[in-house]
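The primary structure of each chain is shown beneath.
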Amino acid sequence: MDSAGEVLNDGKITLEGFTVAARAFADKWKRHNLSFPSWSWVPLINRTLLKKEECYLSLEKIIILSSLEGSAEEESLGVTADWWEKEESIDHTVLNVEDEAHYYDYHIVYSASYMVPMLYFRGYSSDGKPLSLDVIKRDLPSSSVSLLLESKWTFITQEEHPYLNRPWFKLHPCGTEEWIKLLSESSSSDGCQMPVELYLVSWFSVVGQVVGLRTPLEMLI
Amino acid sequence: MIFVFQVGELVRRKGSVGEKRMAVKYVWEGAIPLQIHLHKSEVASHPPPPPALVLAPRIGYLPLLVHLIKPYFKDSLPPGEDSIWFDYKGLPLKWYIPTGVLFDLLCAEPERPWNLTIHFRGYPSNVLIPCEGEDSVKWNFVNSLKEAAYIINGNCKNVMNMSQSDQEDLWTSVMNGDLDTYTRLSPKIKMGNIEDEFSRKASVSSPQSRQGGTEIDVAGQVKTARVPVRLYVRSVSKDFENLEDVPEMDTWDEISYLNRPVQFLRKEGKCFTLRDAIESLLPEYIRDRAQRSGEEGEQRTTDASDVSQETRGELKLVRIQGIEMKLEIPFSWVVNNLMNPEFYLHISVLVKEPQR
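Those protein sequence lines, which keep their order, are chains A and B. So the first sequence is residues 1 to 221, counted in the UniProt record's numbering. So the second sequence is residues 1 to 356, counted in the UniProt record's numbering.
Rather than coming from a laboratory, the hints here were simulated on the basis of the structure. No experiment lies behind these values; they were computed from the predicted model shown. Check the hints yourself; a few may be wrong.
Below, a list of computed lysine-lysine pairs in the BS3-like style, where the Cα atoms sit at most 25 Å apart [unchecked claim]:
#1 B:Lys146 - A:Lys12
#2 A:Lys181 - B:Lys188
#3 A:Lys12 - B:Lys190
#4 B:Lys146 - B:Lys89
#5 A:Lys12 - B:Lys157
#6 A:Lys181 - B:Lys25
Coverage of chain A stretches by chain B, computed from C-beta distances (three or more under 8 Å per stretch; other residues unrestricted) [stated by the list, open to error]:
#7 107-117
#8 155-164
Cβ atoms here follow ideal geometry from the backbone N, Cα and C, with glycine treated the same way.
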């Protein structure tokens with residue numbers, strides 16, 4: 001049961017709702033997605049602004065092994081640099097000499113204008129140099145690339161991160177509330193509102209796929 | 001051209017149509033004199049070229065001035081392709097922020113002419129998003145317009161439904177500072193607006209009335225609405241006597257940028273002021289209302305109120321379109337007269353940090 005007005009009828013969500021949904025999302029992810037590092041909740045504390053509820057979700061240093069030969073058709077390993085160091089049993093010689101490790105950071109940020117979450121991401125190579133969109137597209141699932149070309153729902157643009165003063169890539173938000181509304185309607189038989197705890201899980205189950213991050217089904221319960 | 005006018009006087013004349021046109025005209029005519037220097041690493045001629053003198057429209061953007069500036073320097077440039085960017089005292093300038101806003105924010109004490117450096121090489125792509133000239137600026141403008149439409153109307157259909165040629169003409173009118181054409185075209189954008197505090201017109205049936213997050217009361221007056229605002233907050237740790245004592249900015253991390261709508265509230269008998277709007281975005285800078293208005297209702301010891309005064313932050317300066325604003329001005333007037341062509345109100349704020 002969500003508190004009054006957090007998830008709105010039209011698929012949008014309030015800031016308060018986003019905060020609740022984000023914590024629920026991070027918790028479920030930790031419980032059901034053991035092969036992945038967890039999302040952390042990054043507060044926006046700086047010199048002028050003390051609003052503690054202004055935060056975003058962060059998942060960083062995800063490695064995608066990109067074969068220089070062709071596109072990454074094989075599943076991304078989705079491990080982080082830290083994880084690798086701990087797991088001694090991984091045979092590093094398995095890494096093909098032509099493979100290049102690409103690192104990805106993902107941030108889920110609330111948009112007060114559109115009243116929906118937005119996914120920002122960036123890719124960089126091991127020396128920290130940012131990856132161009134062309135290179136990033138090769139790391140995306142091939143289904144996403146064709147989706148990007150055809151659909152007006154998912155659209156990647158390079159914009160400044162709302163808080164970090166750096167160029168990041170963003171998935172365009174237009175239409176988000178429409179398909180959230182569809183998801184919400186189709187999943188509830190008695191016409192009940194989507195519980196706020198599931199908002200981000202549902203959202204990410206669609207959006208994450210565009211960038212190759214899968215949402216385990218158990219999280220959707 | 002220095003932009004000064006008596007805001008208070010215009011408001012007192014109760015915002016008739018004539019006065020509104022005057023205020024908007026001043027905004028569109030506002031300009032900053034720039035003195036643009038070629039970065040010394042790119043000077044390939046001897047003697048080095050003198051700086052370019054350009055009058056930059058406040059509501060315009062720096063990349064749009066390149067065609068005026070380049071002729072001054074093209075003979076001095078080293079060979080290669082151009083990737084143009086500007087800096088102010090070493091700080092790379094964000095090209096998608098209107099020129100007037102950059103000036104109000106970065107120059108606490110207004111510098112006339114404003115000395116900027118232009119670069120034709122070495123674009124800092126790790127900090128600035130790419131700019132491919134006019135197309136990038138136009139794309140940014142249309143995107144901001146859509147976002148503003150979303151905030152005001154609840155959707156961006158009004159912008160999406162504009163014909164391609166109307167969109168082109170609108171953008172051209174902004175680029176050229178052509179207010180007459182813009183005024184002729186803006187009804188086609190179908191953007192709702194907030195009623196002036198003094199206006200008695202009911203806007204329910206008019207096509208201009210807002211949808212989305214708007215509530216309209218029995219008298220047809222807009223009760224609540226979302227207003228597109230971009231707030232740029234610069235903070236200083238120590239108090240200062242003069243604006244020229246404000247330290248310079250080294251990085252954009254010193255600015256807190258809030259791209260967040262203001263929830264406009266009209267309560268019976270109460271005016272929603274600029275102060276109310278800013279405080280809704282920066283609650284930690286709310287001054288104690290009892291202390292501000294000098295009410296005697298509350299019992300406070302002198303010591304307690306002194307301490308709380310210091311620990312709270314303080315709004316030192318609020319600038320919109322180059323005007324230092326009196327915070328008691330009705331917010332509706334500010335929005336309707338001082339917003340930029342993409343329907344965003346850009347507010348530069350200088351605050352003194354709370355002591356911790």
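Task: Violated hints, by number in ascending order, as checked against the structure - done: Structure breaks hints 2, 4, 6.
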